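Below, each chain spelled out in residue letters.
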Amino acid sequence: AQSVTQLDSQVPVFEEAPVELRCNYSSSVSVYLFWYVQYPNQGLQLLLKYLSGSTLVKSINGFEAEFNKSQTSFHLRKPSVHISDTAEYFCAVEGSYIPTFGRGTSLIVHP
Amino acid sequence: DVKVTQSSRYLVKRTGEKVFLECVQDMDHENMFWYRQDPGLGLRLIYFSYDVKMKEKGDIPEGYSVSREKKERFSLILESASTNQTSMYLCASSWAGQRYSQPQHFGDGTRLSIL
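Note that the protein sequences, when read in sequence, are chains Y and P. Sequential numbering from 1 applies to the first sequence in our numbering. Sequential numbering from 1 applies to the second sequence in our numbering.
Hints may contain errors.
Reference excerpt, derived from the structure (chain Y facing chain P, CB under 8 angstroms, subset only) [to be verified]:
(1) A1
(2) T5
(3) S9
(4) K69
(5) F90
(6) F101
(7) R103
(8) P111
Over the 12 angstroms line for every Cβ pair with chain P, so calculated as not near, a few chain Y residues [claimed, not checked]:
(9) P18
(10) N24
(11) S26
(12) Q38
(13) N41
(14) Q42
(15) L46
(16) T55
(17) L56
(18) I60
(19) G62
(20) H75
(21) R77
(22) S84
(23) P99
(24) H110
Just so you know, these hints were derived from the structure itself, not from any lab. Note that the coordinates shown come from a computational prediction; the quantities given were computed from them, not determined experimentally. Cβ coordinates follow ideal geometry from the N, Cα and C atoms, glycine included.
Bound-form chain Y, shown alone (with noise of 0.2 angstroms):
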């Protein structure tokens, strides 16, 4: 069995400020770990993944999140925020075929 744990529902910020969206895990098998981000009223786009090798991956637009199997984490970041990146970020497990979804993080970007 799987399980994501997105330790925060709602996480507000101020603009060029950082954040971390934090993600746990739970798997009993090797996993795969994704990011999605949900902008308002359209479904949810991939942000990044990680599948093997460096254990830091990056997006196109700023965000990174780093694999860390001794904490069972994959936690986001990114070093400074726009108000474009106001979303909902789900973090997803696979390891057994279907993946398992976090109950989503909104981030919520003030000026």
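Given chain Y's structure and the hints, the job is docking chain P onto it.
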């Protein structure tokens, strides 16, 4: 770019009606999924399909059925709609080439209201 198209963005139906939600993908993906999304609960898997005419129950299949007659199309059916099925429904597809680790591609969702 992969395109997953859900037939309706908004839908209003009455209690007891049979409701069809349609999803079409254009990338020849083997896997297709139906989720419902509710505030504070994230995405919950209703059904998935890994091949034509094949289907597997997800976490919350009660009150729903699915149909996959063609590879590109996956339909979700609410046999007798109830108010507790008011929700956002998301369809997704993915390639099964390596069995694991393929990210999903999502449609824009159908916001269904049952009155």
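(request) Find the hints from earlier in the document that the structure breaks and name them by number, from lowest to highest. (result) Violated hints (numbers, rising): 1, 2, 4, 8, 12, 13, 14, 15, 23; every other hint is consistent with the structure.
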